[in-house]
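K.L.:
Sequence:
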Amino acid sequence: RNQPENQLKFFAQTQFEEILDEIEEPFTTQDLQHTDNNVKTQIIPYIVNLLQKVDHLQQMKEATEAAIRSLHTEKVEAEATSKSLLKRNDGKTRKLDSALQEIDCLKKELNLLRKENGNLKRLQQSQHSK
Numbered sequence: 001r002n003q004p005e006n007q008l009k010f011f012a013q014t015q016f017e018e019i020l021d022e023i024e025e026p027f028t029t030q031d032l033q034h035t036d037n038n039v040k041t042q043i044i045p046y047i048v049n050l051l052q053k054v055d056h057l058q059q060m061k062e063a064t065e066a067a068i069r070s071l072h073t074e075k076v077e078a079e080a081t082s083k084s085l086l087k088r089n090d091g092k093t094r095k096l097d098s099a100l101q102e103i104d105c106l107k108k109e110l111n112l113l114r115k116e117n118g119n120l121k122r123l124q125q126s127q128h129s130k
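Residue numbering for the sequence shown follows UniProt numbering, starting at 1 and increasing by one per position.
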C-alpha cells in the first residue's frame with residue numbers, strides 16, 4: 001500500500017545524500033587564506049550553488065509532501081469506496097437471505113397444499129367408490 005510513498009521517500013533521501021556528497025569540504029585552509037581572491041572566484045559561486053541546491057531540496061521536499069498528501073487522499077477515498085461497497089453488498093446479502101427464507105416458506109406451503117390435494121383426491125375416490 002505504501003510502496004509509492006516509500007519510493008518517493010527513498011528518491012528524496014538519495015538526492016539529498018548525493019547533494020551532501022557534493023558539498024563536503026570544498027575548501028582547504030590554504031584556500032581560505034587567500035580569501036580576497038577566493039571570495040570572487042570560488043566562495044561566492046560556491047555559496048550561490050549551495051543556495052540553489054538548498055532551494056532544489058526544498059522543492060523536492062514540497063513535491064514529496066504533496067505526493068504523500070495525494071496518496072493519503074487516494075487512500076481515504078479508496079477506504080470510503082470500499083466501505084460503501086461493503087455496505088451495498090451487505091444490503092444485497094440481507095435481501096438475498098430474505099428472499100431465500102421466503103422461498104423456503106413457499107416450498108413448505110406448496111408441500112402442505114400437495115398433501116391437502118392428495119387428501120382431497122383420496123376423499124373423492126373413497127366417496128366415488130361408495
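Warning: the hint list may mix true and false statements.
Claimed, not checked - Within a straight-line C-alpha distance of at most 25 Å, the following computed BS3-like cross-link-like pairs (lysine-lysine) qualify:
1) 115 x 95
2) 107 x 92
3) 121 x 108
4) 107 x 95
5) 87 x 75
6) 108 x 95
7) 87 x 107
8) 61 x 9
9) 9 x 53
10) 75 x 9
11) 95 x 83
12) 61 x 83
For the record, the hints were derived by calculation from the structure and aren't laboratory data.
K.L.:
Out of the numbered hints, which ones does the structure contradict?
P.N.:
Those not satisfied are hints 1, 7, 12.
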